[in-house]
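Student: One letter stands for each residue in the lines below.
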Amino acid sequence: MTDSNQIQMDQREVRRRIEARLASRHCKEKLFRGLGIASIAFGVLAVLVLFTDIISKGSSAFVQTQIQLQVTYDPAVLGIDTVDEESLPWANFDGVIRAALRERFPEVTSRRDKRALYSLVSNGAGFNLRARLEDNPDLLGKTETVWVTADDDVDTYLKSLSKTEDGFLGRTSEQQLGWIQSLRDSGEMEKHFNTTFFTNGDSREPEQAGIRAALVGSLYTLLVTLALSFPIGVAAAIYLEEFAPKNRWTDLIEVNINNLAAVPSIVFGLLGLAIFINFFELPRSAPLVGGLVLTLMTLPTIIISSRASLKSVPPSIREAAMGMGASRMQVVLHHVLPLAMPGMLTGAIIGMAQALGETAPLLMIGMVAFIVDVPHGITDPSTVLPVQIFLWADSPERAFVERTSAAIMVLLAVLITMNTCAVWLRKKLERRW
Amino acid sequence: ARDHISIVGSSTVYPFTTVVAERFSRATQYKTPVVESTGTGGGMKLFCQGVGENTADITGASRRIKQSELDMCNGNGVDVVEVLIGYDGIVLANARGEAPFELSRKDIFLALAKDVPNPDGSETLVPNPYKTWKDVNPALPAHDIEVLGPPPTSGTRDAFAELAMEGGCKKFDWIAAKKKEDKNAYKAICHNIREDGAYVEAGENDNLIVNKLVASPKALGIFGFSFLDQNADKVQGSLIEGEAPTFESIADQAYPVSRPLYIYVKKAHVNVVPGIKQFLAEFTNARAWGDEGYLADKGMIPLPTAKRQQVATDVRKLNALSNLAAK
Amino acid sequence: MRNVNVFYGETQAIHDVSLDIGRNQVVAMIGPSGCGKSTFLRCLNRMNDTIDTCRVEGELSLDGEAIYGPKVDVVPLRARVGMVFQKPNPFPKTIYENVAYGPKIHGIASRRAELDEIVENSLRRAGLWNEVKDRLDKPGTGLSGGQQQRLCIARAIAVSPEVILMDEPCSALDPIATARIEELIDELSENYTIAIVTHSMQQAARVSQRTAYFHLGKLVEVNDTETVFTNPQHELTEAYITGRFG
Amino acid sequence: MRNVNVFYGETQAIHDVSLDIGRNQVVAMIGPSGCGKSTFLRCLNRMNDTIDTCRVEGELSLDGEAIYGPKVDVVPLRARVGMVFQKPNPFPKTIYENVAYGPKIHGIASRRAELDEIVENSLRRAGLWNEVKDRLDKPGTGLSGGQQQRLCIARAIAVSPEVILMDEPCSALDPIATARIEELIDELSENYTIAIVTHSMQQAARVSQRTAYFHLGKLVEVNDTETVFTNPQHELTEAYITGRFG
Amino acid sequence: MQTSTLFALLLLLILVAYGTGFSRAISTARSRGGIRSLASLPTYYGVHTALWCGLPALVILATWLIFDDAIIRSLVMGGIADRPQSISGQNLLYAQIQNLASGNLVGESTPQIQAAAERLTSLRNSGQWLQTALILILATGLGAFALLRISPQMRAREKVEKVLRIILLFCACAAIFTTVGILLSVLFESIRFFNHVPVTEFLFGLHWSPQMALREDQVGSSGAFGAVPLFTGTLMVSAIAMFVAVPVGLMSAIYLAEYASNRVRAFAKPLIEILAGVPTVVYGFFAALTVAPFIRDLAQTVGLEASSESALAAGLVMGVMIIPFVSSLSDDVINAVPQSMRDGALGLGSTKSETVRKVVIPAALPGIVGGVLLAVSRAIGETMIVVMAAGLAANLTANPLESVTTVTVQIVTLLVGDQEFDSPKTLAAFALGLMLFISTLILNFIALHVVKKYREQYD
Ligand SMILES: Nc1ncnc2c1ncn2[C@@H]1O[C@H](COP(=O)(O)OP(=O)(O)OP(=O)(O)O)[C@@H](O)[C@H]1O
Ligand SMILES: Nc1ncnc2c1ncn2[C@@H]1O[C@H](COP(=O)(O)OP(=O)(O)OP(=O)(O)O)[C@@H](O)[C@H]1O
Ligand SMILES: [Mg+2]
Ligand SMILES: [Mg+2]
Ligand SMILES: O=P([O-])([O-])[O-]
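Residue numbers (my numbering), protein chains in the order written: chain A, 1 to 433; chain B, 434 to 760; chain C, 761 to 1006; chain D, 1007 to 1252; chain E, 1253 to 1711.
Bear in mind the hints are in silico, worked out from the structure with no lab data behind them. Keep in mind the model is a prediction, meaning the values are calculated, not measured. C-beta: ideal position from N, C-alpha, C; glycine also. Among the clues, some could well be false.
[Said to hold, decoys possible] Just a few of them, taken from the derived set where beta-carbon distance is under 10 Å, the chain D residues facing chain E: (1) Asp1079; (2) Val1081; (3) Pro1082; (4) Lys1110; (5) Ile1111; (6) His1112; (7) Gly1113; (8) Ser1116.
Build the full structure now, drawing on both the sequences and the hints.
Tutor: Now the structure itself:
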């Protein structure tokens, strides 16, 4: 009984001590929780800051200044008589545009002034006309009103007007300003949606530059990467986790894989150059090689996360299947793999995101290049989005600044689409049981 | 077999080769050449590997080919045709809103060299003691010396060392005299850039340097002329020897810090890879590299007319370069 | 407890249960699987709070204080109402740390010596001291199932609770280990109030003073253990304890 | 089985155990925790193969065929010797697929209708058909514990094994569910040989014809269940069954 | 036939082989009392047949594709009487022939070359036919062979699984191959580098300046190749990055796993994961133009000397970038900690944070360490941010406000800059790569052992 009494007293003492510390513990709890929220907020804030920064810089690239001109497809100026495959490439569409400009501003006469006038219009604008004429050969000899793309200097000036009072003049002269003013007043100069940005490959003229080639290149490259790294990574993870005996060798492989994750990506480029290009003689600048290199680079990530998700499958499931007389392979294929798949997908997505944003290793294998033509296969020369961004970020022309950001927006859009797909896929797979 | 021209090489020449490549493919039926930006040395390495369809046809260089590179090329059976295409000005600039600098090459040398002649006038070298521009030259502002420039691995840096630093260094007679005795020592004095933080290696992205200048208005930056041209609202070029870096002053060589740009063509490929001749023809056409050509629009400083003609005829003959001294 | 209702989302798991538990008593709860024994037990120290969908209605009180009162802090509540789970769940720490965990977080011991004492006392009372005194710094997960369960009990009593809830503490153990635990419960009941959920009627008969029989979320009968087993008032109870049920 | 020795790495878990199991008999294995019952049971269908450190010596045979023979394929072996585990572990698939899995991988049914029939029969025999027939396409993990265990039994009998091994099949279940399973074992013993490990001597007494008592990795006694419980030959056995032990 | 069509045809054949194998297995079984009499499921017989049909054919096809060009080339070149002696000359000639054969526009060509081009075309054609015939015969032949061998006793499953296992093993070895490849591609250059620069100087030298290193026309001034400043720089930048990423990432993971409602989780997790995908150029600009000047100004207001490029700026921004690596992986492992652990702790009256800190995190630690390790790896490997924000100056300093450089940055600048073929300047990149490789290897070994020990203790 005394023992019991002592315990009762003890309990009271204990209660007192607990009460004494309660406040500080709850305080800590709140603090901890607050820290958690702050961390999340920090992460989300970082995303938002980056996004607003990029969007504010890049959104203007989605419109493009255009000039309305009365053009006459005069055979004499064009230098062709008929519209066909043969003659079109030689036709002088620039001449047509120049004639139209001279007509619009008849007061310009001196050679110097004319040059200044011509430079209002993008020097790729002739291609718009060529495309029109190709679609509609009847236009030859006729006159029509078309919108042609303005030069990047004009475009940059116009866009900067909305930001500052005077606008960024750059290399635009007083005289050109006058013409621009007159065109704007008469509604012959407007900003239109920039389709070129999505339909063209790279160009040295900012107003003609687009991301199509890089986007397609990225898709091809990622396709190769995904098609190789996911199966190989999952297979490697399965072997290591389910079949390999646990010994020094597996330790070695494990360390090896972790270590590969730390190898700077450019070293993978060196490897790719030595093996795929110099030894196997695969073509330079091709998505095939890029994909191979990125596969080697993302494999560790995928293997590590796949192993983690294989580990998290409860052993009771394996036992159950094994007890049913399923072979090891069947246990893995029928039970373990489906359960581990959502986790593996997460890893694959992280790996793919990494591959999608990578530039350095591609430098060594020739994908950091100026490529205009949209690739049609995995062996055509092509570049990828981050490289395009990198190259544009390094270009002197002011108009590339907004295009750089716009390309980043596209890259992020691809990324977000990928993530959404992964989340959706994960949900779908998980809901099955 | 490859049906497009493959071009590698300098990042400085890259903007110019690409624009030619684009126009060339528009004007002809050839595929657009693929232009890689690998740096001058990297380009040379790829270019000189040998001949055959998996090697590059053309390489760009922001300096002349070195004898060692030429030897390597020749050793691998590569005959190279040299084409001087124009000049690039290297500018020192600071942010607009601050007073523009007026520098001499001597100022530049004294401000940036690792070791400078002893300020007391004796013919010895001391580690660079100057902290502010005013220390270098009383006419300059009292800002700390802070110059953002390319790293040692960049061709621009080499050119800057050779043209600006050496130019200033030569002004000290006793150093200039060393050139004859011990060329290496002379170069070491003239080319070595200080490493105590006054010179900031800022990477090879010139746009980044421009924007960093805006962020730190007291600093100077070193970059190519085309970036000054395009960012005239943000930065202003410093006057060197009284000359502002303008298109004209660089073209007539009044502005002292400009370097030649080259492309090198693999002679053996000319009849193998479709379009090389036509590409060269486009490059050496007046509408491209002429005074009012589109390359000038992009910021390349054209050659003088006479020089242009001479290069154009040489190119047509496709004379291979065998020895640097021969030129 | 009065008129306790517990809901998981839409479905009601406990219907209107009222039950009084006296001090230093052992109350056993029996009933077929899924009848809500665990759920009810978990109400007593608000462990149900951790389940999002779970909602508890009714009045539950401990020493006159409402358990689900708006101002009640679950932390000291759970220190007063300890819990032992069906599956032994020692922390992946050393044996010593397992037992010292509660006193540490609650700040019960201010000095190391005091802590040592509490650990030793608790392990002694859980009848584990002699078996583990030489390997206090070995991981608790390395013990056998029965030992692990006793470790969990030691862990629970280390904070000197008033009530100990046990949810089928022996179902993962062999008879010998079970017997030890039952002995232990007997000893502990001198100082603690114990509510135990069990599958085994024999066990309920052996250890408890009062027995409550649950059926489909309802409390069918609660009475002295002897009465319940020898003279059940309700036919369901009778059916269950005679094994006719199901 | 003759002179079976099992080692986990260095430590020996089973010492020289010899035991014969007759056809269509229920053999219960009892013994204190950790005495090697599970280990022994798992030898019978080579489930120990999955544990790297585990090494089995001695002769084990099934219908005269050596189980650990060099040419034995464990897959058909495990189809002949089914296993039910302590914790119900249905696959995270539908109820139908759970039962159909074995027949599928062993190629027992060639047509869908045949498979349906097997599934229905197995579930019927496991006494689960009526409870689940309307929700065959619901996940098996959604059932109650007892149902899950019966599902596991249904799954095991779906491949028509000769022997069924059960490792404490009822320890996670309530008495009613346990009773159902015991009934089931009784029914199954008409057609199958069953080896069951249990903690509950009552259970052993209820369901088995023969009982083997293990102690510290040794087989102490094996005899008709009645004999073991009424007239144990060995004092250890007696001590254990009278509860004096430990 | 085009290789691609051949490939498609081969796939078709494989499918057919599967189908016939499958049905043959069933029909064999029918006469003996159903598929139970088969040693394996009919599917496995199908796969077995398909493997026989497809695997050798694919291997042969691959080998063919690797070697056919070389063979055709030697045939064509052998037919030319006065072919150039030098290999490069031959390369060139062959390229010309190829271009001619594929109808590209090239300059003038001799009749001999034209003949060679025709020969090339015809060789290619016959090669294609030969290839097609060989592959098809091989595939059908072996497929038929496998089909004939189908018998109820054949253990098709075991054979198929053996092949599968070998394939799996092969995949697992991909990592080893990569490592060997990397070692091979850096080892020789590194050895050449160490011929110029002694290992000890490289490892223990305190001064890094590839600046004027042995320029061909400048023998006198040799550069300094002490890698210590690079490694300390790498350490500092990575440490700063981890200093940001580990707490923030871990706390986010904890919050998401333990506190957040499902909706917050579903929204915040993918959002934060985006951080890992933003191109590093963007971070680089952000670090260089926003963070670095901000830090400099801040430091100056409190009276500290700070350069406009600082390790701090690069590290901070890099930390933001790798938050998702820590948070996503930690989130997964925290979720994998069994609920019973939490119940145990909560039942004792711990607050949620105590449960997390004292029980959940220790239990999840091995997994978290794995995630952190991955993040460290990423931090070490990152270049762009450091180039843009921390500069390229190899300062040996412990002051995060100064500019530093990292190993990978130096590798990249040395490799893409104006290189010299044989100078240590370019070779140094390879040596650095090797050192980095070895040091991370050691790091990983240590980490593996620590984690293992930890596991042993608590499993
Ligand atoms: N987290 C939950 N969400 C929804 N329903 C639940 C949850 N936990 C329990 N239930 C349901 O509440 C009812 C009561 O469950 P409880 O666990 O209290 O039963 P029990 O008597 O302890 O059973 P057992 O003897 O099997 O432990 C059951 O029908 C169960 O399905
Ligand atoms: N995977 C393993 N590795 C090492 N030792 C093991 C392993 N599994 C079991 N053991 C040891 O083998 C002995 C026998 O274990 P077994 O599981 O067969 O006992 P049991 O009689 O089934 O006990 P229980 O009644 O608790 O299930 C025990 O001492 C145990 O610690
Ligand atoms: Mg319960
Ligand atoms: Mg057992
Ligand atoms: O690319 P570079 O011109 O600096 O060699």
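Student: Please go over all the hints and tell whether each is borne out by the structure.
Tutor: Structure-based check of each hint:
For the restraint placing Asp1079(D) at the interface with chain E, the shortest Cβ-Cβ distance is roughly 7 Å, inside the 10 Å limit, so the hint holds. Here the hint on Val1081(D) is kept, as its CB sits about 8 Å from the closest CB of chain E, short of 10 Å. Hint status for Pro1082(D): holds, given a least beta-carbon distance of 8 Å to chain E, under 10 Å. The criterion of a C-beta within 10 Å of any C-beta in chain E is met by Lys1110(D), whose closest approach is roughly 8 Å, and the hint holds.
Interface hint at Ile1111(D): satisfied, since its Cβ lies 7 Å from the closest Cβ of chain E, which is below the 10 Å cut-off. Hint status for His1112(D): holds, given a least beta-carbon distance of 8 Å to chain E, under 10 Å. Contact between Gly1113(D) and chain E, as hinted, is supported at the beta carbon level, the nearest pair being about 4 Å apart and thus within 10 Å. The closest approach between the C-beta of Ser1116(D) and any C-beta of chain E is roughly 5 Å, which is under the 10 Å cut-off, so the hint is satisfied.
Violation of the numbered hints given earlier is absent; every hint is satisfied by the structure.
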